[in-house]
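Asker: Top line first, the protein sequences correspond to chains A and B. Residue numbers for the first sequence follow UniProt numbering, beginning at 1 and rising by one. Residue numbers for the second sequence follow UniProt numbering, beginning at 1 and rising by one.
A portion of the hints provided could be inaccurate.
To be verified - Listed next, the stretches of chain B that the computed footprint assigns to chain A, with coverage defined by at least 3 CB atoms under 8 Å from CB atoms of chain A:
| hint | stretch |
| --- | --- |
| 1 | 4-17 |
| 2 | 41-49 |
| 3 | 132-144 |
| 4 | 168-179 |
Rather than coming from a laboratory, the hints here were simulated on the basis of the structure. We treat Cβ as the ideally placed atom computed from N, Cα and C, and that holds for glycine.
Each chain, letter by letter, is given below.
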Amino acid sequence: MSENRKLIKIATAGSVDDGKSTLIGRLLYDTKSLTTDKIEAIERSSKQRGYDYLDFSLATDGLVAEREQGITIDVAHIYFNTAKTNFIVADTPGHVEYTRNMVTGASTSQVAIILIDARKGVIEQTYRHFFIANLLRISHVVVAINKMDLVNYDEEVYLKIKADFDELVAKSDFSEDQITFIPVSALKGENIARQSEEMPWYVGNTLLDHLEVLEPADLEPSSVARFPVQYVIRPKTEAWHDFRGFSGMLYGGNLKVGDEVTLLPSLNTSKIKSIHYFDQEIQEAAPGSSIAITLETEVDLSRGDMLVKSGELPSSEKQISATICQVNNKALTVGKKYILQHGVNRVLAKVDQIESRIHTDFTGAEDAHSLKLNDIGRVHFRLSKPIHFDSYKSNKSNGSFILIDEAEYDTVSVGFIE
Amino acid sequence: MSNLLIPNPKEAESIHIIREVAAQFERPVLLFSGGKDSITLVRLAQKAFYPAKIPFPLLHVDTGHNFPETIEFRDKLVEELGLELIVRNVQDSIDQGKVREERGRYSSRNSLQTTTLLDAIEEFKFDACIGGARRDEEKARAKERVFSVRDDFGQWDEKNQRPELFDMLNGKIHVGQNVRCFPISNWTELDVWEYIKTENIEIPSIYFAHEREVFFRDGMIWTANEHVYREAHEEVELRMVRFRTVGDMTCTAAVLSEAVSLDDVVGEIRESTISERGARIDDKRSEAAMETRKKVGYF
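Please model the entire structure based on the sequences and the hints provided.
Answerer: And the structure:
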């Protein structure tokens, strides 16, 4: 893949009928990412259904069940690119299971596009979508006020919605510069890739231009280096007889040859001898690199352990508190045991206490005895062994975990450590 | 020694996934078709474990209708990298009476591969099959997980998939289940081609323009040979073509092309207005073709 093209990951959220699929279809169409055979398929289907316009939502609605019911039932991934940027869109449905789906889609995204129907304005669903963007600490939110064509491209409508949304922003952890408002008509293509002549009062970027000026580096707040060991590479060949490479993905900050490191859980210390990326030896690696590290001294280090710079130790605890989002039909209850997967490390976890269920519309919390699918709550856990974590706020990858059902092995919850 | 490594995010993610497969499963296998996606997987697996060898074998489910160039290439790659290759043949499944050969105009062995694959999984007790599927290929693939859990019958239940949060992969399964793992889920066709070019990865010659005996049907270009059903009126012509996707001869259409180098091919893909799957005859059968195949265990 081209090394000079940056990668931007986006989650989209909207209520039913906000025109989300149409927006994505429009982005694909306007960036010439739809191929003629796909456009033909869309034309054919649109005609069959008796539409007098191209139904771009058909570009993204994937499964047979969805096409029959006209809804999207899961997170779909969509790809398009411009000359400068590769985009990955996690398209999450807006119906009742949106919490699970949007949390899932947002967990891998840097940017969220929240759609608002200009006719309806800020509604309860908007609160919930923004709440999740806030919970997951999405770096940048684009509020796309859609269907402007149905309100005569009226600036007053836009300003009213913006003012309502700003009240939400005030309740969140977002600062104003993390939020951008764009009035659009996805159906007509206004302010998507083309500056709208219908809305001369809007002087900002089109949606596509705006997405293009975002810089991945600005969207990934820097933190300290965390290197969870994924797999130990031992070639046991003549040429590499004594090689022991600790492989994994580096998060949060750089590591370089010569760095003094501390190993967890042993608390042993060593020094980085070499860093390998395939057949190259490199001096220093940036976050997001999949590398292998060798150490100056023989140490006990295996999968699930963690290597950090000495002096930058994470918290190591057997009791943790986290915000949990339940992503499975089985409820989370007090006393229940789970396999807790923190990065690539697994320990056993027991629910000690459910402190509260959090209202996803910024109106506080209530007492709760269980968390059901799509519930978000504060939970205290006791663990079989300490995990080495940061708060989600300071390091996303080292501050999050999933819970796996002990019997069925399903992924039932995601947690954000406080 | 180079200085600072700035990762290619898609490559780094794929390496991460491949290492998770090796760490989480007892008996993984890489499904190798000889096509560009599985060749890319092999390079990524090399990178994941270097300087050690790739710690799992390759499995080729051979329809018997592969392009000879692909088979030649496969054997050379395996030899060069010192990999273990397992081949299982669709012909054997036919001979055992487990599947019936299709006949007539659109006949293909492509969907028959499923039975042979499931038998191989059982024979070798594979618990993870690494495949080169990408989410941009097809609508039903867009919802596929990186770790996709299948039951004993290899079936995919789209309503019961494990959510995948951040980059944490849950490969815990029960006896009899297995997982299909897709490390290049997030790559596009153009990503793959640009990667092959940047990495200078060798690929089978049929990806480049060459003269071939073909015939035209339904606006597509079919290879003319004994494996592909052809009616008397369908005339054979000699044309400059290449393949964008390489599967079974009976389900892979060629495109007219003058692209003889990787630069040319990447240029063509960038300009292309027909999707890659548009050159797959198996998907043209119905709009939901892929989804239906996946439900019964197709990879």
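Asker: For the stretch 41-49 of chain B, do three or more residues have a beta carbon lying closer than 8 Å to a beta carbon of chain A?
Answerer: holds (count 4)
Asker: Would you check chain A against the stretch 132-144 of chain B, counting CB to CB pairs closer than 8 Å, and say if three or more residues qualify?
Answerer: Holds, because 6 residues of the stretch 132-144 of chain B bring their Cβ atoms closer than 8 Å to Cβ atoms of chain A.
Asker: According to a criterion of three or more residues whose C-beta lies within less than 8 Å of a C-beta of chain A, is the stretch 168-179 of chain B covered?
Answerer: holds (count 5)
Asker: Are there three or more residues in the stretch 4-17 of chain B whose C-beta lies closer than 8 Å to some C-beta of chain A?
Answerer: holds (count 12)
In the structure shown, no violation is registered for any of the earlier numbered hints.
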